[in-house]
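*Asks:* Construct all of the structure, not just a fragment, from the sequences and the given hints.
Chains H and S are the protein sequences, given in the same order.
Numbering-wise, our numbering comes out as the position in the first sequence, counting from 1, plus 6.
Numbering-wise, our numbering comes out as the position in the second sequence, counting from 1, plus 6.
Check the hints yourself; a few may be wrong.
Since copy identity is lost for identical chains, a pair holds within one copy or between any two.
Stated by the list, open to error - Simulated pairs of lysine-lysine, DSBU-like, Cα-Cα distance not exceeding 35 angstroms:
id, residue 1, residue 2
1, K12, K192
2, K12, K43
3, K19, K41
4, K136, K195
5, K136, K12
6, K12, K195
7, K166, K154
8, K74, K136
9, K19, K192
10, K195, K19
No lab work stands behind these hints: they were computed from the structure.
Number of protein chains: 2
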Amino acid sequence: MTPIDKLIVHFRKSITLTDDEAEIVGGCFNIVELKKKEILLFVGDHSSHMRFISEGCLRSYYMDREAKEHIIQFGIEDWWINDLYSYLTNTPSKQFVQAIEESIVLQIHKEKLNELYNTVPAIERFFRLKFEKAYVSLQERTINSMSKTAEEGYIEFRSKYRNIEQRVPQYMVASYLGITPEFLSKLRKNTTQ
Amino acid sequence: MTPIDKLIVHFRKSITLTDDEAEIVGGCFNIVELKKKEILLFVGDHSSHMRFISEGCLRSYYMDREAKEHIIQFGIEDWWINDLYSYLTNTPSKQFVQAIEESIVLQIHKEKLNELYNTVPAIERFFRLKFEKAYVSLQERTINSMSKTAEEGYIEFRSKYRNIEQRVPQYMVASYLGITPEFLSKLRKNTTQ
DNA sequence: GAAAAATCTTAATCTAGGTTAAGAACGATT
DNA sequence: AATCGTTCTTAACCTAGATTAAGATTTTTC
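*Replies:* Below, the structure written as structure tokens:
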């Protein structure tokens, strides 16, 4: 199955596309191949694409004033990854998007996507639903970080993203949880076994 | 200007509606009047409406296991307020939505809104844009709470929501910022003057 | 307008998680 | 298989913000 085929299958999980529409849609995306550690989006760039992960594993993260990295999101096959904030507000990105493993990403330019909203209305529905889901999972994260202890957050992360936990280094999990690697290590001593 | 007129003006700030469409849209919303402290949405309810604040000030919040309140969002005239999570996932609400002042809210049932998406497509666009913005501001909050100290968060809150800060009690600001009222009080001694 | 309720402040003490530093374990590369 | 990178762990000490408790101030209610 080609990366484009995967994308169409992905779309068809939540919307209906005729074969003609699928062809149009598929033709709007470009393929990007990334080596491990390669950066797809730099801080300061305008994030003007929506990006679908066809293969591999990536992360988006920003650096605070003390140059510490904070991971916003991990993404694996069949997920979307981006600095949505930059994309939606047309401002320079404050995040990096980087491949953690060798990866294949499909991306569509914002202008092209806005045209697609008109030519293939189901795509507008897809992205409305997508932004709804993005909102939901971001809210879950926000509430967690407001009311859960680091240990509770870690336990939840493990049960929710066991597949990701096994693919990324521990210090990235710590960064995602908003704690130091040292403290995560301490937690694991109590939690594991 | 009636509450419905305000709503139409609000829609027309980001999308185009013919007068006929405006009439259809306006007819889909119900008016709810709330007294101070009255609760519009209870934990456990299904949040099956989108809610537009025509007048007043409300908050959405949840209670953690220790019965402490955490404010997710404030809302004033011309904003939308809801437990979006419950609305979007069709799960029982984990949040309360409560009037902080006497308020007027316009709400539309989810089923009716889904019909509207078909009869007045501009409305689907409006809500796609709305969810994008909701995502953006939630992400701003999440990043803030991950990387800013309480003091920095407070300073940002003041400059961004000065109008809200003046309408709600301080302990609610503390709850929104994720700190105790006592600590906010301490911060204010350093910050204010 | 007095009493009750709600909100805000101060101060002493406590704790979850951070910082620093050092070494151990694991992987890549030669 | 030795070297250099990267990742993980341990332990001593530190700090932002929580907790507890009490009183002060403001707002609401009768």
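*Asks:* At 35 angstroms max between alpha carbons, let me know whether K166 reaches K154 within a copy, between copies, both or neither.
*Replies:* Cα proximity of K166 and K154: in one copy and across copies (15 angstroms, 27 angstroms).
*Asks:* Can you tell me if K19 and K41 fall within 35 angstroms by alpha carbon in one copy, between copies, both or neither?
*Replies:* So K19 and K41 pass the 35 angstroms test inside one copy only (29 angstroms; across, 44 angstroms).
*Asks:* Under a CA distance limit of 35 angstroms, which applies to K136 and K12: within one copy, between copies, both, or neither?
*Replies:* For K136 and K12, the Cα distance is within 35 angstroms both inside one copy (17 angstroms) and across copies (29 angstroms).
*Asks:* Check K12 against K195 for me: Cα-Cα at most 35 angstroms, and say if that holds within a copy, between copies, both or neither.
*Replies:* neither (40 angstroms within a copy, 57 angstroms between copies)
*Asks:* For K12 and K43, with the copy left unspecified, which applies at a CA distance of at most 35 angstroms: within, between, both, or neither?
*Replies:* within (24 angstroms within a copy, 51 angstroms between copies)
*Asks:* Is it within, between, both, or neither for K195 and K19, if the alpha carbons may be no more than 35 angstroms apart?
*Replies:* neither (40 angstroms within a copy, 55 angstroms between copies)
*Asks:* When no copy is named, should K74 and K136 be tagged within, between, both, or neither for a Cα gap of at most 35 angstroms?
*Replies:* both (30 angstroms within a copy, 32 angstroms between copies)
*Asks:* Within a copy, between copies, both or neither: which one fits K19 and K192 at a CA-CA cutoff of 35 angstroms?
*Replies:* neither (41 angstroms within a copy, 52 angstroms between copies)
*Asks:* Please work out whether the CA atoms of K136 and K195 approach to 35 angstroms or closer within one copy, between two copies, in both situations, or in neither?
*Replies:* neither (37 angstroms within a copy, 44 angstroms between copies)
*Asks:* When Cα atoms must be at most 35 angstroms apart, do K12 and K192 count as within-copy, between-copy, both, or neither?
*Replies:* Cα proximity of K12 and K192: none, with 40 angstroms in one copy and 55 angstroms across.
Checked against the numbered hints above, the structure breaks hints 1, 4, 6, 9 and 10 and satisfies the rest.
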